[in-house]
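Enquirer: Sequence:
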Amino acid sequence: MKKWHLAVVVALCIGLATTVYAFGPGHRCAAAGWGGPGPCYGGPGFGGGRLLDSLDLTKEQAGQLWQMREKHRNDTQSLRYEMFQKRFELRKLYADPKVDEALLLAKQKELNAVQQKLDDKRAQLRLDERKVLTPDQVKKLNETTAGLGYGPRGFGGRGLGPCSGR
1 MKKWHLAVVV
11 ALCIGLATTV
21 YAFGPGHRCA
31 AAGWGGPGPC
41 YGGPGFGGGR
51 LLDSLDLTKE
61 QAGQLWQMRE
71 KHRNDTQSLR
81 YEMFQKRFEL
91 RKLYADPKVD
101 EALLLAKQKE
111 LNAVQQKLDD
121 KRAQLRLDER
131 KVLTPDQVKK
141 LNETTAGLGY
151 GPRGFGGRGL
161 GPCSGR
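The letter at position 47 of the sequence shown is residue 47 when you use this note's numbering, and the numbering goes up by one with no holes.
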């Protein structure tokens with residue numbers, strides 16, 4: 001009986017140990033910049049992870065950017081929650097085949113208004129973040145992000161990003 005338990009424990013440990021390598025070394029999907037909801041969303045601003053690492057920030061700059069993002073995250077918490085609620089309500093309406101189209105469109109407009117508020121705050125954060133960077137860092141940032149987000153051959157889509165497997 002003890003051997004059987006030992007075999008099960010060893011098998012579980014081996015099984016769990018193999019999942020350690022699921023994301024690979026240095027995977028920072030959760031800290032990436034642009035994108036939609038999901039594991040690669042990452043939040044506001046110029047993106048985190050590899051993009052800001054490539055700018056050679058000073059400790060002061062990194063601290064200022066972190067404080068700006070924390071403030072932004074706290075300031076937009078209620079808007080993000082409101083957007084979550086609106087999406088849920090819209091999903092419930094779409095699931096009901098008897099719902100009037102006007103009601104669906106009105107709810108979509110409400111969701112769009114909240115998204116626009118978040119986009120405006122995100123744009124302001126990016127402008128504030130630029131003020132922390134040196135002109136060389138801003139230039140490097142623009143060179144690094146140029147062309148991303150247009151997908152294959154520039155026809156739209158998500159384009160390459162930190163979660164593209166490269």
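Read the hints as simulated data drawn from the structure, not as lab findings.
Fair warning: this is a prediction, and the values are worked out from it, not measured in the lab.
Incorrect hints may have been included.
What the hints assert, rightly or not - Cross-link-like lysine to any residue pairs, in silico, SDA-like; alpha carbons within 20 Å at most:
| hint | residue 1 | residue 2 |
| --- | --- | --- |
| 1 | 117 | 74 |
| 2 | 107 | 78 |
| 3 | 71 | 81 |
Enquirer: Next step is simple, just say for each hint if it's right about the structure.
Expert: Quick rundown of the hints versus the structure:
no. : hint        : verdict
1   : 117 with 74 : holds (15 Å)
2   : 107 with 78 : holds (18 Å)
3   : 71 with 81  : holds (16 Å)
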